[in-house]
Amino acid sequence: MFATNYPLLDLFWTMLEFFLFFLWIYLLVIIFADIFRSRDLSGGVKALWVLFVVIIPWLGVLVYLIARGGSMHERAELQAEQVQKQFDEYVKKTAGASGTSSADQLHKLADLKERGVLTEAEFDAEKAKLLG
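All residue numbers in the sequence shown are consecutive under our numbering, ending with 132.
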């Protein structure tokens with residue numbers, strides 16, 4: 001029943017329409033993100049680009065891609081580098097605040113044992129805790 005009312009060619013056409021629709025939405029999201037990410041545009045120019053893309057979508061997107069498309073990748077890459085740098089700093093700060101590595105802790109335990117602060121049994125118990 002379904003195959004007689006909805007031929008295979010119509011199914012492929014519908015799939016193509018869905019694909020193009022989602023591609024169009026993705027392109028709009030990327031362009032709006034690039035407009036607002038761009039630091040070389042003032043607020044008024046950003047507003048004009050947004051209005052141009054919203055009022056005349058096809059022409060606005062085409063003109064934006066021609067005029068500023070070459071530097072879109074550079075801005076996205078710069079933002080990705082900044083996010084990665086912030087993440088790396090956070091990880092270093094968090095890892096540094098949480099303590100030292102197991103090797104450093106074992107070295108400190110061995111130093112305490114050598115100075116006589118820890119007995120052999122205490123050293124072995126702490127070492128077992130560190131090593132899991």
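There's no promise every hint is true.
[What the hints assert, rightly or not] The list that follows gives simulated cross-link-like pairs (lysine to aspartate or glutamate, DMTMM-like), each with its CA atoms no further than 25 angstroms apart:
{"#": "1", "residue 1": "108", "residue 2": "81"}
{"#": "2", "residue 1": "93", "residue 2": "104"}
{"#": "3", "residue 1": "93", "residue 2": "114"}
{"#": "4", "residue 1": "129", "residue 2": "114"}
{"#": "5", "residue 1": "113", "residue 2": "126"}
{"#": "6", "residue 1": "113", "residue 2": "89"}
{"#": "7", "residue 1": "92", "residue 2": "114"}
{"#": "8", "residue 1": "92", "residue 2": "81"}
{"#": "9", "residue 1": "85", "residue 2": "114"}
{"#": "10", "residue 1": "92", "residue 2": "104"}
{"#": "11", "residue 1": "129", "residue 2": "111"}
{"#": "12", "residue 1": "93", "residue 2": "74"}
{"#": "13", "residue 1": "46", "residue 2": "17"}
{"#": "14", "residue 1": "46", "residue 2": "88"}
[Stated by the list, open to error] With beta-carbon atoms standing in for the labels, derived distance ranges:
{"#": "15", "residue 1": "56", "residue 2": "14", "range": "39 to 49 angstroms"}
{"#": "16", "residue 1": "67", "residue 2": "17", "range": "33 to 43 angstroms"}
{"#": "17", "residue 1": "82", "residue 2": "15", "range": "14 to 24 angstroms"}
{"#": "18", "residue 1": "84", "residue 2": "38", "range": "29 to 39 angstroms"}
{"#": "19", "residue 1": "21", "residue 2": "43", "range": "45 to 55 angstroms"}
{"#": "20", "residue 1": "94", "residue 2": "42", "range": "30 to 40 angstroms"}
Everything labelled a hint here was simulated from the structure, so no lab data went into it.
Ideal Cβ placement from N, Cα and C applies to all residues, glycine included.
### Query
Which earlier hints turn out false for this structure, listed by number in ascending order?
Structure breaks hints 1, 3, 6, 7, 9, 12, 13, 14, 15, 16, 17, 18 and 19.
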